[in-house]
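Going line by line, the protein sequences match chains A and B. According to the working numbering, the first sequence holds residues 1 to 243 in order. According to the working numbering, the second sequence holds residues 1 to 255 in order.
Since the hints were made in silico from the structure, they are not lab data. Every value quoted in this text rests on a predicted model; they were computed, and no experiment measured them. Heads up, a few of these hints could be off.
As the list claims (entries may be wrong) - Computed cross-link-like contacts, DSS-like style, restricted to lysine-lysine with a CA-CA straight-line distance of at most 25 Å: (1) A:73 / B:253; (2) A:73 / B:84; (3) A:13 / A:66; (4) B:84 / B:253; (5) A:98 / A:123; (6) A:13 / B:253; (7) B:253 / A:74; (8) A:169 / A:74; (9) A:73 / A:98; (10) A:174 / A:98; (11) B:6 / A:73; (12) B:6 / A:123; (13) A:98 / B:6; (14) B:147 / A:13; (15) A:98 / B:84; (16) B:84 / A:66; (17) A:73 / A:174; (18) A:74 / A:174; (19) A:74 / A:98; (20) A:74 / B:84; (21) A:169 / A:98; (22) A:167 / A:73; (23) B:147 / B:41; (24) B:253 / B:147; (25) B:253 / A:66; (26) A:167 / A:74; (27) A:169 / A:73.
Stated by the list, open to error - Derived contacts from chain B toward chain A, CB cut-off under 7 Å, selection only: (28) 14; (29) 71; (30) 79.
What the hints assert, rightly or not - Cβ pair distances, simulated, as ranges: (31) A:57 / B:100: 43 to 49 Å; (32) B:233 / A:68: 34 to 40 Å; (33) B:179 / A:6: 58 to 64 Å; (34) B:27 / A:63: 55 to 61 Å; (35) B:226 / A:127: 55 to 61 Å.
Don't be surprised by glycine CBs; every beta carbon is placed ideally from N, CA and C.
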Amino acid sequence: MICLQNISKNFGKLPVLRNIQLEWRAGSSYGLIGPNGSGKTTLIKCILGLAIPDAGTIHVDGQVIKNQEVYRKKIGYMPQIGRYPDNMTIGQVINMMKAIRPDVTHVDEDLLRAFRLDAMANKRMRTLSGGTRQKVSAALAFLFSPPILILDEPTAGLDPIASEALKEKIAWAKENGKLVVITSHILSDLEELITDIVYLHEGYVRYQNRVATLMQDTGEMRLSRAIAHMLRAQQAAQPLPAA
Amino acid sequence: MSRLLKYVFYDLLRDRFILAYTLFLWVLTSVLFQFDADAGKVILSLMNVVLLVVPLVSIVFSTIHYFNSYEFMELMLVQPIPRKVVFLSQYVGVASSLATAFGVGVGLPVMLFGGGAAGVALLLSGLLLTLVFVSLAFLAAVLTPDKARAIGLALLFWIYFALIYDGLLLWVVYTFSDYPLEKITLVLIAMNPVDLARIILLLQLDISALMGYTGAFYQQFFGSILGLVFSAGVLLIWIALPLFAAYRLFAVKDL
Numbered sequence: 001m002i003c004l005q006n007i008s009k010n011f012g013k014l015p016v017l018r019n020i021q022l023e024w025r026a027g028s029s030y031g032l033i034g035p036n037g038s039g040k041t042t043l044i045k046c047i048l049g050l051a052i053p054d055a056g057t058i059h060v061d062g063q064v065i066k067n068q069e070v071y072r073k074k075i076g077y078m079p080q081i082g083r084y085p086d087n088m089t090i091g092q093v094i095n096m097m098k099a100i101r102p103d104v105t106h107v108d109e110d111l112l113r114a115f116r117l118d119a120m121a122n123k124r125m126r127t128l129s130g131g132t133r134q135k136v137s138a139a140l141a142f143l144f145s146p147p148i149l150i151l152d153e154p155t156a157g158l159d160p161i162a163s164e165a166l167k168e169k170i171a172w173a174k175e176n177g178k179l180v181v182i183t184s185h186i187l188s189d190l191e192e193l194i195t196d197i198v199y200l201h202e203g204y205v206r207y208q209n210r211v212a213t214l215m216q217d218t219g220e221m222r223l224s225r226a227i228a229h230m231l232r233a234q235q236a237a238q239p240l241p242a243a
Numbered sequence: 001m002s003r004l005l006k007y008v009f010y011d012l013l014r015d016r017f018i019l020a021y022t023l024f025l026w027v028l029t030s031v032l033f034q035f036d037a038d039a040g041k042v043i044l045s046l047m048n049v050v051l052l053v054v055p056l057v058s059i060v061f062s063t064i065h066y067f068n069s070y071e072f073m074e075l076m077l078v079q080p081i082p083r084k085v086v087f088l089s090q091y092v093g094v095a096s097s098l099a100t101a102f103g104v105g106v107g108l109p110v111m112l113f114g115g116g117a118a119g120v121a122l123l124l125s126g127l128l129l130t131l132v133f134v135s136l137a138f139l140a141a142v143l144t145p146d147k148a149r150a151i152g153l154a155l156l157f158w159i160y161f162a163l164i165y166d167g168l169l170l171w172v173v174y175t176f177s178d179y180p181l182e183k184i185t186l187v188l189i190a191m192n193p194v195d196l197a198r199i200i201l202l203l204q205l206d207i208s209a210l211m212g213y214t215g216a217f218y219q220q221f222f223g224s225i226l227g228l229v230f231s232a233g234v235l236l237i238w239i240a241l242p243l244f245a246a247y248r249l250f251a252v253k254d255l
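So here's chain A without its partners, still in its complex pose (with noise of 0.2 Å):
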C-alpha cells in the first residue's frame, strides 16, 4: 500500500533519512520506532508531502506521490502536535474538513463522540488544552475512514480513558484491513497495536520484523525488553556506522 524505495533527505548538510526501503501492506500494523531525532517525523512528512525528499520515490496505493495531492484522500493523518487556526471553533474546524471533501457521504464520528467532542463544539481551539487538541487531531484522522493511517505519537498526552478508546479505534481500523503506522515511544502501548516493527536510527532502517518473529527470536515476553535484546545482539554484530 505505502511503498518507499531509496529515499534520502538532508536538512542542510544533515542527513535525516538515508536510502529508506520499506514495504507496508493494509492489514498490517507497523510500529515505527527509534530514539529521539531519528526520523521517524521527517519519514512521515515525505508520506504526507509535507516534506520532500531529496532522492528516492515513493508510492502510496501504486500511484507515484510527487506532485500529487489526491492520494491524500486515503490517508488519515494525526500530528504529534496538532496545530489550528486559534480562532476557529472545534465544530468550525470539522465543518471545514468536511467542506473540502465534498465527495465524502459518510462519516466516522466515533472518536468525536467517545472524546465528548460534540459537546464542546463551540470552544476555540486557542482555549483548548493539549490533550484535547490531541483528542480533535485523533478524531480528524479518523473522520473520512480512510484506508491509511498515520499516527505521530497518538497516545503521548490522552488522558487514560481517552488513550483506551483510541486504542480500541485503532485496533478496530487493523480487524478491518487498513494500514495502521504508528510512532510512539511508549512500547507498552504500541504493544497491543502492531503486526510490525520498524527501527530507525539516525536515518537508517536498523531493523523491521514481525512482531511475533522478534518476540520467538529473542525469546522474551515482552515487546519493549525483546527490542532492547535485539539492539545489543546487533550491535554486537554490527556496530553502527559513524554519523
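The hints should help you fit chain B onto chain A, whose structure is shown.
Chain B alone, transformed into the frame defined by chain A:
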C-alpha cells in the same frame, strides 16, 4: 479554491487590524479634504501616504499573516488539496482584504469629494502598490524560516524601495549629469515600483514643470496613454514576478 478562500476570509475578518487600517485611511482622507478645498493639494498630501504607509502596512501585515496562517496551511496540505491552491488562496485573501481596505478608506472619500483624474491615478497606484508589496511579503516569508527574520527581510524590502533606491537614483543622475540620461533613468525608475507610482502621480498633478527639461520629457512619455499602459504594465510585472518566485519556492518547501 473558493471553499478555502471562505475560511481565509473568515480568519481575516476576525482580524481587527484590517478594520483599523480602513478607518485610519478613511479618517485621514476625509480630514485632509475638510482642511483644503483644492483637491490637487489633498492628493499631493495623500501621495506620501500612498507611497510610504501603504507599502509598509501591506508588506508587514502580509508577512505576519503568512506566519500566523502556518497552522492552517499545514492542516490543509495534509488534505487532498494541491499546494498551489493553498498558496494562492492565502495570497488572494490577504491581497483582496488590503486592497478593499485601501479602496474603502481612500477611494470612497476621494470619489465623494471629487478627486478628478489625479484621484483616479492615486487610487490606481495605491491598489497596484498594495498588491506589489503583498507579493514581496510572500517572497520574504517563503525565503526565511521564521517570523522574526521574515519581518526583518520585509522591512528591508520596504526601506530599499521606499527610501534607499531614491537616493541611489539621485546619485546616479547627479554623477552622470553630463550625459543624456532620460532613457536610462526611465529604465531605473521601472526597477522600483514606488518610483513608478510616484511618477504617475506627479504627472497627473501637473507639477512636472518643476522638474525642468527632464520633467518635460517624462510628461511627454508618462503623460501619454502609452506611458500609462507602460507603467501599469511594469507594476503588474512587479506583482507577478515576486509572487511567481514565492510560489516556486513554496512548492518545494519543507513544512
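_Need the list of violated hint numbers for this structure, in ascending order._
Checked against the structure, the only hint that fails is number 23, while the rest are satisfied.
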